[in-house]
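Q: Chains as they are written, first to last, in UniProt numbering: chain A, 1 to 372; chain B, 1 to 413; chain C, 1 to 65.
In silico contact screen, one side only, chain A against chain B (beta carbon under 8 Å); selected entries:
| # | residue |
| --- | --- |
| 1 | 113 |
| 2 | 115 |
| 3 | 169 |
| 4 | 172 |
| 5 | 239 |
| 6 | 252 |
| 7 | 255 |
| 8 | 256 |
Please keep in mind that the hints were generated in silico from the structure rather than gathered at the bench. Beta carbons: idealized from backbone N, C-alpha and C, even for Gly.
Now for the letters of each chain:
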Amino acid sequence: MEPRQITVIQASAVLVSTIIGVGVLALPLFAVRAADSGGPLVTFLAVLLAFVGLALITWLGIRFPDQTIIRYSEVIIGRWLAWIGSMLIILFFAVLTSLTAREFGEVVVTSVLKSTPVEVTVIVMLLLAAISTRHGITTFAHIHTFYVPFLLIPVLVIVALSLKNAEAINLLPIWGNEQGGMLKGTLTVAALFQGAFILTAVIPAMKHPEKAMKASFWGMVIAGGLYIVIVAATISVFGSEEIKQLLWPTLELAKATTLPANILERLDAAFLAVWVTAVFTTLFSSYFFTIYAMSHLFRLREHKLFSYFILPFVFVMAMLPQNIIQMYEIIESVGRIGLIITTGYPGLLLIVSILRKKRGNRVADKKVDQID
Amino acid sequence: MRTRKWIKSISVLCAVIIATPFLAGCWDRLEIEERAVVLGVSIDTVDTEEAEQEEDEVSHVHGTLPAPRKGMVRVAVQIALPGRIPLGPGESGGGGKGSVGQTVWVIDVVGHSINDAFMNLQQQISSRLFFGHLRVIVVSEAVARRGLENVNDYFRRNSEVRRMAWLMISKGQARKLMMAAPPLERVPTLYLMSTLDEGIRMGKFPKDFIGMFWSNVSKKGQEGFLPYVEIKKEQNVEIKGLAYFVDDHMVGVTKPLEIAGYLAVKGINPAGYRVFVQLDGADEAVMTTATHRRSKISVQIKDDVPHFTIDIGIELNLEGKVSENVQIDNPAVMQMIENKQEEASVIFYSNIIKKSQEKGSDYFGFGEIVRAKKPQYWNKRIKTAEGWRNMYKDCTFDVKVSMKVRRIGMKGK
Amino acid sequence: MLGGYTIGYLYYAIALFIASGLLILNIDVKNFQKSKQKKEWKVSRMIGWFNVIAGILTLMMNWVL
Chain A
1 MEPRQITVIQ ASAVLVSTII GVGVLALPLF AVRAADSGGP LVTFLAVLLA FVGLALITWL
61 GIRFPDQTII RYSEVIIGRW LAWIGSMLII LFFAVLTSLT AREFGEVVVT SVLKSTPVEV
121 TVIVMLLLAA ISTRHGITTF AHIHTFYVPF LLIPVLVIVA LSLKNAEAIN LLPIWGNEQG
181 GMLKGTLTVA ALFQGAFILT AVIPAMKHPE KAMKASFWGM VIAGGLYIVI VAATISVFGS
241 EEIKQLLWPT LELAKATTLP ANILERLDAA FLAVWVTAVF TTLFSSYFFT IYAMSHLFRL
301 REHKLFSYFI LPFVFVMAML PQNIIQMYEI IESVGRIGLI ITTGYPGLLL IVSILRKKRG
361 NRVADKKVDQ ID
Chain B
1 MRTRKWIKSI SVLCAVIIAT PFLAGCWDRL EIEERAVVLG VSIDTVDTEE AEQEEDEVSH
61 VHGTLPAPRK GMVRVAVQIA LPGRIPLGPG ESGGGGKGSV GQTVWVIDVV GHSINDAFMN
121 LQQQISSRLF FGHLRVIVVS EAVARRGLEN VNDYFRRNSE VRRMAWLMIS KGQARKLMMA
181 APPLERVPTL YLMSTLDEGI RMGKFPKDFI GMFWSNVSKK GQEGFLPYVE IKKEQNVEIK
241 GLAYFVDDHM VGVTKPLEIA GYLAVKGINP AGYRVFVQLD GADEAVMTTA THRRSKISVQ
301 IKDDVPHFTI DIGIELNLEG KVSENVQIDN PAVMQMIENK QEEASVIFYS NIIKKSQEKG
361 SDYFGFGEIV RAKKPQYWNK RIKTAEGWRN MYKDCTFDVK VSMKVRRIGM KGK
Chain C
1 MLGGYTIGYL YYAIALFIAS GLLILNIDVK NFQKSKQKKE WKVSRMIGWF NVIAGILTLM
61 MNWVL
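Let's have the full structure, built from the sequences with the hints guiding it.
A: Given below as structure tokens:
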């Protein structure tokens, strides 16, 4: 089907644009709830934790360079156990897709399109993702690589401009005054990085899978660095107590930022435009991974046929949360449960594969996804 | 073959018809002239009985909702008249004469809360109220003293309001500021806004947009403050001081010169206040203007109470003298001016701080310094905003000032 | 159905079920038939009809109840 074409840079671009997503809006709130002015530290710990998870799947991916997690888990722990694990992964990513779409819809309906039904915003976004996923994984990587600069540069500009109103004292003490929720907060923030699991689908299509660790390192450094910068900027501008009063502090930061010489007096509209792209790439990844994993589980050579199939299911799941508060509770708990699936499960697989001395084929210049 | 073609074109048509409502974004279509663009809002107290007479049953039926304990409010809004606001400097527009009513429309309503008042207002005007261009919110002192919870809640919750708008407290009726029509600007609220914006540029006022006020109110170790303004007889606006708060209740107001004290303690640049310096006799006074401020605040814990050392440095220019009795021709005189002003300033700054301590309102944010620099002490002894309010009264301060006169203008002596 | 704001999302869901089913039947099934991918063809026909029937059944239940 497709030759191995994805380079290291493309792989890290996929990671960056997958990780940066709908979560950036509420991120400073999660961080501040955990340890007020220690928010950046919490984010940093979360990045470390997320990197451990990513390193585990990268390591596994390097051991089995021409299979996805769905296939090599069968080799490692046997068909039936692996089937349960894979079903959980697929289900989790379907839920993740629906929650991303719903969170997107809620933000849009609250702040921009107030009389558009939230169902319509969600459907449009899901449809967009569904249509884009009908292509192969190389196109997938190209689309991500294309969007990365559009995600990074505007956010960095907004952060740089907002520093005009920043006060360093808001960031002290760096470990926070009340660290009560530090552990829980770290897990919540780390859950925002779970899209990185997409790497298991990317490695088998990489030109040099042995260099995957480099890609995951840089992907995490860029995405994690951006997250830390956003948290630090938001806290230094608003102070941690004010952030607790705001639902989407990052959006508020864009609102409080002006371009020099009053060219644009508030940047929230510009920021939302960027953010829609960020949400799209995240949604694209989780949607793609869901159907890609499904096609591998059922040993089909095409993932296309599921792209419209899961659309109504994902939509119905997205509509289940009754209100915005409930939605955030669900997002936080689903995220923490997801950490077991995206970090714990690969960890288990890795240990078993080392104990049982299982290993994939060496990389030859073979086509991807060949059915044995 | 023909039917095939038919089916194909019909399915394409169907797809277009289904896609149009999704892609065209018609739900939120709102033409600009259908919006009532609110430029300014004023909030006053109103006599409850009188207000209940005036209020229609818009958001609730009479008698079902008791008047809030804090009393009802009268809200006045300035709505921009589409087409009347001149766009460029060359255009004469409809204004020109500078009287209210040319470019804006001022309407007032009463309500149980801010939101209620806006609903009453919406019932009276055809277009949808739009707050995206809201620049100035004026609240009368009486409302501020009762507390701003409701005002803060409403404007924070509304996604259209910008954080760079100004919230100010007026001496007397706030509605008068909405009605004012200073001849300098064709849009009255822009004049109000530029009074404060220019104040920042000239070093006469700290940056204190509504977003910053909210941040300060939220902080545990700091209280909020807002500009305190009064309308003068020529419809001009004077910045009369800082209205300072405890939580969201206004508790006091400073004198205009005390704003300079605040700016110096915080070391905010540029500097711009001019002061008299009394040298020996009554006639021997000179006037200096500050050009640059620097301040360093450090905190120690002495006997379980925070002790602050404030080290202020100000650069000055000499601006004028009252009589020729003083000759400014040698460094000794300069030294003397510096010393005199230092002495006066230490007392002046200490008094401002003492006054804020009496009111229990730390609008300087000394508490934030304790929270940031002495977290262990803070966690053990203070913890909450309430805790800091109590502790602030007992704090001790040590103010050191160093003044440097650098330039004397174009005159030789 | 597309006119105003609806609190229930049921009609959207029904529309999606039917539309997605029809899309699969019209696009994927045909393509797989052309490229002679037997297994994919079978599966796509199954899930296509599944969605269409699920949509219609929900619609009917909604009318009956």
